[in-house]
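Chemist: Sequence:
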Amino acid sequence: MNNFSYERLHANLQYLKLNTIEELLDNCLEIAARDDKTTMEVLDYLFEQEKKHREAIAIERRTKNAGFPVKKNLEEFDFEFQKSIDKKVIEDLATLRFVHNSENVVFLGPPGIGKSHLAIALGIEAVKAGFSVYFTSTGNLIERLKTANREGVLDKKLRELIRYKVLIIDEIGYLPFDEEGAHCLFQLISRRYEKSSTILTSNKSYGEWGEIFKDHVIAAAVLDRILHHCTTINIKGESYRLKERKKQGIKTGNIFQ
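The sequence shown maps to residues 19 to 275 in the working numbering.
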């Protein structure tokens, strides 16, 4: 390879923004000459590395945009501790078939049992698979929707949230909604119905959602849309946080006494 061809190749790689190939090229050509690699093998390797690098950047960008409060993986979840969970059901959800089918997932149970962990872990799996994901607490979501409603831009905010293929709404039930908040959330769930997937976590049973919404009619309408295509994971077990406190020899007692 003459100097002109060499310099033009590097210049063209930079122009085309094939930065990984440009960075690896010289070393790869040296190894190829030494080990008698074919042109096809060299090109295959270089483009595979470029693809992997771009995929990693895209995953990092989608993860950042998702707004996860922490990173949690399914491999970290202690299924032995939470025996009420059927691991096969979670593994099936991790295939993301529910996302392809625009179905929902709801995790129910008391605080500290891993609901948010599993919701985030599924969200991260979706990010890795190329789906757009957004995580929000219920309280934050309701306040943002109410603010948008008062400013006359609720429709714009709803369109923004609808575009996510997976929306994770965490902690439904910790605080009740007022009438405005309940109606805003109903509109969001209605617009996402059968179009995208929503993952929800709640410390309240479905029978108690009327109290959360302060309106049994709206609660029933929301649940009707969520549960039409939905997998419900009802977790019954001890809090991980209490488990760690016990390991440290801290008496838990009854905090409500």
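Simulated from the structure, these hints should not be mistaken for laboratory data.
All C-beta atoms, glycine included, are put in the ideal place defined by N, C-alpha and C.
Do not take every clue at face value.
[Claimed, not checked] Cross-link-like lysine-lysine pairs, in silico, DSSO-like; alpha carbons within 27 Å at most:
no., residue 1, residue 2
1, Lys146, Lys70
2, Lys70, Lys183
3, Lys69, Lys106
4, Lys174, Lys69
5, Lys232, Lys90
6, Lys164, Lys146
7, Lys101, Lys82
8, Lys254, Lys174
9, Lys232, Lys222
10, Lys164, Lys106
11, Lys232, Lys254
12, Lys222, Lys174
13, Lys175, Lys146
14, Lys70, Lys101
15, Lys35, Lys89
16, Lys69, Lys101
17, Lys174, Lys90
18, Lys164, Lys69
19, Lys213, Lys146
20, Lys35, Lys106
21, Lys175, Lys82
22, Lys254, Lys89
23, Lys254, Lys101
24, Lys101, Lys164
25, Lys90, Lys35
26, Lys89, Lys183
27, Lys70, Lys105
28, Lys213, Lys254
[Unchecked claim] Restraint ranges, calculated between C-beta atoms of paired labels, are given here:
no., residue 1, residue 2, range
29, Glu98, His28, 49 to 57 Å
30, His71, Lys232, 19 to 27 Å
31, Gly148, Asn20, 40 to 48 Å
32, Asp53, Arg209, 29 to 37 Å
33, Ile77, Leu27, 41 to 49 Å
34, Glu256, Arg177, 35 to 43 Å
35, His71, Leu193, 49 to 57 Å
Chemist: Each of the hints needs a verdict: does it hold here or not?
Modeler: Here is how each hint holds up against the structure:
Between Lys146 and Lys70, the direct Cα distance comes to roughly 12 Å. Compliance with the 27 Å bound is thereby established for this hinted pair. A C-alpha spacing of about 23 Å is found between Lys70 and Lys183, which places the hinted pair at or below 27 Å, so the restraint holds. Of the pairs offered as hints, the one joining Lys69 and Lys106 is violated, with about 32 Å between alpha carbons and a cut-off of 27 Å exceeded. About 35 Å separates the Cα atoms of Lys174 and Lys69, which puts this hinted pair outside 27 Å; it is violated.
Taking the CA atoms of Lys232 and Lys90, the gap is near 33 Å; set against the 27 Å cutoff, the hint is violated. Distance hint between Lys164 and Lys146 is unfulfilled; the C-alpha atoms sit about 32 Å from each other, more than 27 Å. For the proposed pair Lys101 and Lys82, the alpha carbon gap of about 32 Å is over 27 Å, so the pair is violated. Proposed proximity of Lys254 and Lys174 is contradicted: the alpha carbons are some 39 Å apart, above 27 Å.
A C-alpha spacing of about 14 Å is found between Lys232 and Lys222, which places the hinted pair at or below 27 Å, so the restraint holds. The straight-line distance between the Cα atoms of Lys164 and Lys106 is roughly 39 Å, outside the 27 Å bound, and the hint therefore fails. In summary, the hint linking Lys232 to Lys254 is supported, as the alpha carbons are separated by about 26 Å, within the 27 Å threshold. Proximity of Lys222 to Lys174 is assessed by CA-CA distance (about 30 Å); at most 27 Å being required, the pair is judged violated.
For the suggested pair Lys175 and Lys146, the alpha carbons sit about 26 Å apart, so the restraint of at most 27 Å is met. Between Lys70 and Lys101, the direct Cα distance comes to roughly 37 Å. Violation of the 27 Å bound is thereby established for this hinted pair. A distance of roughly 30 Å separates the Cα atoms of Lys35 and Lys89; the hinted pair therefore is violated under the 27 Å criterion. Taken as a hint, the Lys69 and Lys101 pair is broken in the structure, with Cα atoms around 40 Å apart against an allowance of 27 Å.
With a CA separation close to 31 Å, the supplied pair Lys174 and Lys90 exceeds the 27 Å bound. At roughly 42 Å between alpha-carbon atoms, Lys164 and Lys69 are farther apart than 27 Å, so this suggested pair is violated. Of the pairs offered as hints, the one joining Lys213 and Lys146 holds, with about 20 Å between alpha carbons and a cut-off of 27 Å not exceeded. At roughly 43 Å between alpha-carbon atoms, Lys35 and Lys106 are farther apart than 27 Å, so this suggested pair is violated.
Taking the CA atoms of Lys175 and Lys82, the gap is near 20 Å; set against the 27 Å cutoff, the hint holds. Proximity of Lys254 to Lys89 is assessed by CA-CA distance (about 23 Å); at most 27 Å being required, the pair is judged to hold. For a cut-off of 27 Å, the pair hint linking Lys254 to Lys101 stands: about 8 Å separates their Cα positions. Distance hint between Lys101 and Lys164 is unfulfilled; the C-alpha atoms sit about 39 Å from each other, more than 27 Å.
Of the pairs offered as hints, the one joining Lys90 and Lys35 is violated, with about 33 Å between alpha carbons and a cut-off of 27 Å exceeded. Between the alpha carbons of Lys89 and Lys183 the distance comes to roughly 19 Å, so the proposed pair stays at or under 27 Å and holds. Pair hint Lys70 plus Lys105 does not hold up; C-alpha atoms about 30 Å apart against a cutoff of 27 Å. Restraint check for Lys213 and Lys254: the C-alpha separation of about 31 Å exceeds 27 Å, so the hint is violated.
Taken as a hint, the range 49 to 57 Å holds for the pair Glu98 and His28, whose Cβ atoms sit roughly 54 Å apart. One distance hint, 19 to 27 Å for the beta-carbon pair His71 and Lys232, is violated here, with the actual separation near 51 Å. Take Gly148 and Asn20: their Cβ atoms lie about 41 Å apart, and the range 40 to 48 Å holds. The hinted window of 29 to 37 Å between Asp53 and Arg209 is violated, with their beta carbons roughly 57 Å apart.
Separated by about 29 Å at the C-beta atoms, Ile77 and Leu27 break the suggested range of 41 to 49 Å. Range check, Glu256 to Arg177: about 42 Å between beta-carbon atoms, so the 35 to 43 Å window is met. Look at His71 against Leu193: about 43 Å separates their beta carbons, and that is not inside 49 to 57 Å.
Hint check: violations occur at hints 3, 4, 5, 6, 7, 8, 10, 12, 14, 15, 16, 17, 18, 20, 24, 25, 27, 28, 30, 32, 33, 35; the rest are consistent with the structure.
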